[in-house]
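Asker: Here is how the chains run, residue by residue.
Number of protein chains: 4
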Amino acid sequence: MTPLKLVARQHLDQATVVTINEELKVGDREIIVMAGPCAVESKELLLAAAYAVKEGGARVLRGGAFKPRTSPYAFQGLMEEGLKLLAETRRETGLPVVTEVMDTRDLELVAEYADILQIGSRNMQNFALLKEAGRIGKPILLKRGLAATIEEWLLAAEYIMSQGNDQIILCERGIRTFETATRNTLDLSAVAVVKEVSHLPVIVDPSHATGRWQLVAAMAKGAIAAGADGLLIEVHPNPAEALCDGPQSLTPANFHKLMQDLQKIAQAIGREIAI
Amino acid sequence: MTPLKLVARQHLDQATVVTINEELKVGDREIIVMAGPCAVESKELLLAAAYAVKEGGARVLRGGAFKPRTSPYAFQGLMEEGLKLLAETRRETGLPVVTEVMDTRDLELVAEYADILQIGSRNMQNFALLKEAGRIGKPILLKRGLAATIEEWLLAAEYIMSQGNDQIILCERGIRTFETATRNTLDLSAVAVVKEVSHLPVIVDPSHATGRWQLVAAMAKGAIAAGADGLLIEVHPNPAEALCDGPQSLTPANFHKLMQDLQKIAQAIGREIAI
Amino acid sequence: MTPLKLVARQHLDQATVVTINEELKVGDREIIVMAGPCAVESKELLLAAAYAVKEGGARVLRGGAFKPRTSPYAFQGLMEEGLKLLAETRRETGLPVVTEVMDTRDLELVAEYADILQIGSRNMQNFALLKEAGRIGKPILLKRGLAATIEEWLLAAEYIMSQGNDQIILCERGIRTFETATRNTLDLSAVAVVKEVSHLPVIVDPSHATGRWQLVAAMAKGAIAAGADGLLIEVHPNPAEALCDGPQSLTPANFHKLMQDLQKIAQAIGREIAI
Amino acid sequence: MTPLKLVARQHLDQATVVTINEELKVGDREIIVMAGPCAVESKELLLAAAYAVKEGGARVLRGGAFKPRTSPYAFQGLMEEGLKLLAETRRETGLPVVTEVMDTRDLELVAEYADILQIGSRNMQNFALLKEAGRIGKPILLKRGLAATIEEWLLAAEYIMSQGNDQIILCERGIRTFETATRNTLDLSAVAVVKEVSHLPVIVDPSHATGRWQLVAAMAKGAIAAGADGLLIEVHPNPAEALCDGPQSLTPANFHKLMQDLQKIAQAIGREIAI
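Chains as they are written, first to last, in the working numbering: chain A, 297 to 571; chain B, 297 to 571; chain C, 297 to 571; chain D, 297 to 571.
For the record, the hints were derived by calculation from the structure and aren't laboratory data.
Errors might be hidden in some of the hints.
No copy is singled out in the list; a pair is fine if it fits within one copy or between any two copies.
[To be verified] Think about it this way: if two alpha-carbon atoms lie no more than 27 Å apart in a straight line, the pair counts; the simulated DSS-like pairs of lysine-lysine are:
| id | residue 1 | residue 2 |
| --- | --- | --- |
| 1 | 380 | 553 |
| 2 | 427 | 350 |
| 3 | 301 | 553 |
| 4 | 380 | 434 |
| 5 | 301 | 560 |
| 6 | 560 | 434 |
| 7 | 553 | 427 |
| 8 | 339 | 301 |
| 9 | 301 | 350 |
| 10 | 321 | 560 |
| 11 | 380 | 560 |
| 12 | 560 | 339 |
| 13 | 560 | 427 |
| 14 | 301 | 321 |
| 15 | 553 | 434 |
| 16 | 301 | 380 |
| 17 | 380 | 350 |
Everything numeric in this text was worked out from a predicted model, so none of it was measured.
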C-alpha cells in the first residue's frame, strides 16, 4: 500500500478522532452508533425513528434525503424537503444528523443541514465530489465502494484529505461477491486492515452489508469485537411499510435489545458504547 | 429483468442506431472503431495518435481530458485545455471525438467540445450525472461499472433515456473478479445479453478489460465475433512513455494489423468494419 | 507466473498437440468441436445425440456417466452402465468419447471406456486425481475451476504433466462472479493468456459458461475468434426433457446452424473447423 | 434454500452437537478452539506446538499430514508418517487430532489416526469423498469451498448426512473475492446464515481467511461475537521457519494472549471458551 500519504498511519503519531459538533467523538475509546431509517419519508416517521434510536442509545441520526436508487422509477428521496425535516428533527431530539450527498452541486446545500456528509458506495470514486468534500468544513462519512479494494477506498479518503479535510470516517458496508444469501458480503477484515495501515476511524454498516434484519445483530456484534469505532444501523418504526430497505431495518425493540448486547461486547474489549 | 422500460427490447420495433454528427452510425450493420490515447497529453502526441488511428480505419478519436485516477497524486488530465486540443485535432483530422465527463458541473463544457460524452465505469451509478446526460442533445457512451450487473448497467441507461436522450452507446470494459492475470475480466457474454434484452448498441473496450496490449487483439476479435457494434481501443504513438495506461496501449503498427484482421471477422459474420 | 515449469511455453519449442486415438489432433491448425448431452440418459437418446452432432461436424462425443451434482438428491448419472453406452455409441458412430471421472478409484474404469478423461471444475484441485491422471496413458481434458486463477489452473496441469502425461487439453468454462444473468462469466481472455504462457491447447465450453442456450452461439463464435483450439458444446435431441442442463443445451438444428457460422470465423482467422 | 433436507433447521428440534471421543462437544454452549501448525513437519515441532496450544487452552490439535498444495513442487506433507506423529502427539498431550483427508483411498487410513477428519476447501465438492465421509463413524470438519455459496456448502454437508453421518462441523475459512489485502475474504455473515437455516455447528478459520497473523486476533474475536461455535487457528513455535503458511501463523505467546481476550468476548455473549 505504498501510494498512501496523508491517510497512512505513518503520517500521524496517533489515531484521528473525528469531532461532530464540537462534542461527539468518533475514533476515540467510545463507540458511536448512528441509526435511523433508510430514507426520510415524513416528519412523523422521522421523528418517531429519531426518538426510538435515541432512546436505544444512538448518538447520531441517519436518514437519506437524496437517495441513490438503481432504477429511475424508485423513490428518489425528498431532497431539500428531506434535509429540512432532518434539521427539524435534530432541533427536537438533539441528535446530530448524517445524510448522503450525491452531486457536487448539492454539496453546500447538504452541508447547511447535515452534521456529517455521507458519500455513498456508488460515489466512492466520484473524484469531483471527493475533492469538494475535502474543501468543506464538515466531517465526511466515506462508504467503501461495492467493489473497491481497501487501498482504493483509502485513496478516496486521500482525495478528501489532500484538499484539507481530515475529518473522515470510513464505513465498511459489504462488498459484492458471488454469494446471494446476503445482499453483500460484509468484509470485517477490512476494519482490521484499516486500523493497521491508517489513522482514520472506521465504522461498519451491517444493514446494507447483509440486507436482512435477521443477520444485523450478529454482524453488529462481530464488528464491535473486530475493532470498529462505530456502527450505522437502519431502524424503522414500521419496517414492513418502509419506502426503501424495509427488509434490512430493525424495529425499535430489536434495536434496543441489540444495544444492550453490544455494550457487553464493547466492555469485553475495554471500550464502551457511547449512550 | 422486469424493471427495464425504455431501454428494453420490447419498447422498440428495431435496434437503436446512434448517430454521430449526423453521419456516423453506431448500432447499424457497420462496426465502428474508436481509438486513441488514454489521456490527451500534448497537441503533438494527440495529433500523431489521431492520424495513426485514422489511417488504420478508426472513425472516432478517443482521449481523456478529465481523468478519473485512483490516486489524487496521479496525472488528472489537462481538463479544458485538453478539450480544446481534442477540438483542434478534430478540425485537422475530421475525426469526431469521444471524451469523458466526470462531474455534472462540467457537462456543458465537455458537450461544447465533444461529439460523444463518455460516462466512465466509476460514475455508472452517479445518478445526478446520468440525469443531466439525459437532458443534453449528444450521444452518451455509458461504460459498465466495475462491479455492475448487466441489469444495473441497463438501468443506468434507463436513467439517461428517461430524461429524453436515447442516443446511448453501451460499453463493456471488463468486470472485477478474483483473476489477476488481467486488469479486469472481459465479460463478452454481456454483449449477447444486452442484444437479447435491449435495443441499444453495445461496444467493447478490450484495452481496459485486459490491461495488457498483448491480449487486446484476441479480445477485439472475440468481441466482433460475439456481436459487438464497435470497439474502443487505446493506441499511443509511444506506449512506453504514455502518461497513463501505457501497458495496455497498442502501437500504431499493431493497431493497423489488428484492423485488417478484424475486417475479416466482421465479414465472416456478415458485417463490415466502417473504415 | 514463475512457478510453471513443464507446462510453461519456455519448456517447449512448439505448441503441444494432443492426439486422440492416433488420429484426431487438438491444438493444431484445425479446430475440434466436442458435443453431446450433459448426461448419458439412455441408449436411444445418446445415439440420437451422437448422430446429430456427428452430422453437424462434431468430432468427439461428450456425455457424463458420473455426474457431479450440487445436491445428493439430483440424478447422479448412470455410472458404469453409462460408460458402456458411450462405448457402444462410439462403435456405432465412430466418434471418440470424452467423459468425466470424479474419483481416483474410478480412474481405471473410466479409462477403459473413454478416449479423453475429463476432470471437472469441482475437481480441478483434487490433487490425488490429478496425479493419477498423470500416470494414465490417455488425454485429459482439464476444466478450469469455478474460482481458479489461470495460474492455479496451469499448476493443476503441472500436477498431471509432472507425472508423465503431457496429453492435456485445457478447457475454460466460465468463472464465478457477481453477475447473475449468466450461470458463470466466460473468461475468454483466459484463452489468450494460456496461449501466451503455455504450450498446451485450450478449448472453451460456452454451454456451462453461460447456462443459457440463447447465448451459446455468440460465445462459441467469440471463442474461436479469440483463438480457442476447440469447443465443448451441449446438444440434446430434446432439451426440454433433458435430465440435466436442458436450458443450456442446443437442439441439433441450432447446432448445425452454429457449425456453419463457426466455419466462416475459423477461416477468417486462417484456421478450419475439423468436420 | 429449499433443497436442504437433513441439514435444514426444520429437520431437527435442536442444534446438533458433535461429540469428539465421547467427551468434547462442538455446538454446545462451550466454544472449542482447535489450533496447531499448518503441516506436521517433525516430531519435535509438532509436540512443541501441541503443548503450546494446549497450554493456551486449545482442546484439539490441528496439523496436516496430507497437504493440498497449489504447486506439485511444494511440500506435500509427511502423509502416513505425519499421521503417526499426530497419533503419538495425542498420546503424549491428550489432545484429539483434526487432520485433512484428500482422497477416498486414504479415508480409512486417516480415520485410523484422526479424531476429526477434515475435508478441505478444494474438496468441498469432491462428491465421492463426501459420500465416503458419510459412511465413516467419525466427526467431519467440512470447510467451505473457496467460491461456494452457503447453500452449496450445506448441500455438501447434505451429501455426508444422507449417508448416515450427522457428526459434521462446518468451517467458514474465507471466500475468494477481488480484495488482495487479505488472502481470502472472511465471510462472518455465513456464520449467522448457517445458524438460521441449519442445525449444524459452525466454526471459523481466521488464519486461512486472512493469510496474515496480524489480522487473526481481530477476526477470531469477531467470529466469536458473531456466534461461531469454535475456531481453527494456526500456531507454530517458529512461524518464520514454517514449511507452509508461516505468515498466517501465531506464535504461542500471541495465541495465549488471544485466548484470554476471546474468553471475555465469549462471556459477554453468555458462552465460555472451553479450556
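Asker: Against each hint, give a clear statement of whether it holds in the structure.
Answerer: To see whether the hints hold, each was checked on the structure:
| no. | hint | verdict |
| --- | --- | --- |
| 1 | 380 to 553 | neither (31 Å within a copy, 50 Å between copies) |
| 2 | 427 to 350 | neither (33 Å within a copy, 36 Å between copies) |
| 3 | 301 to 553 | neither (41 Å within a copy, 32 Å between copies) |
| 4 | 380 to 434 | within (18 Å within a copy, 36 Å between copies) |
| 5 | 301 to 560 | neither (36 Å within a copy, 36 Å between copies) |
| 6 | 560 to 434 | neither (32 Å within a copy, 37 Å between copies) |
| 7 | 553 to 427 | neither (40 Å within a copy, 42 Å between copies) |
| 8 | 339 to 301 | neither (43 Å within a copy, 33 Å between copies) |
| 9 | 301 to 350 | neither (37 Å within a copy, 42 Å between copies) |
| 10 | 321 to 560 | both (20 Å within a copy, 26 Å between copies) |
| 11 | 380 to 560 | neither (36 Å within a copy, 44 Å between copies) |
| 12 | 560 to 339 | neither (34 Å within a copy, 42 Å between copies) |
| 13 | 560 to 427 | neither (39 Å within a copy, 43 Å between copies) |
| 14 | 301 to 321 | within (24 Å within a copy, 46 Å between copies) |
| 15 | 553 to 434 | neither (32 Å within a copy, 40 Å between copies) |
| 16 | 301 to 380 | neither (37 Å within a copy, 33 Å between copies) |
| 17 | 380 to 350 | within (19 Å within a copy, 55 Å between copies) |
Of the numbered hints stated above, those contradicted by the structure are hints 1, 2, 3, 5, 6, 7, 8, 9, 11, 12, 13, 15, 16, listed in ascending order.
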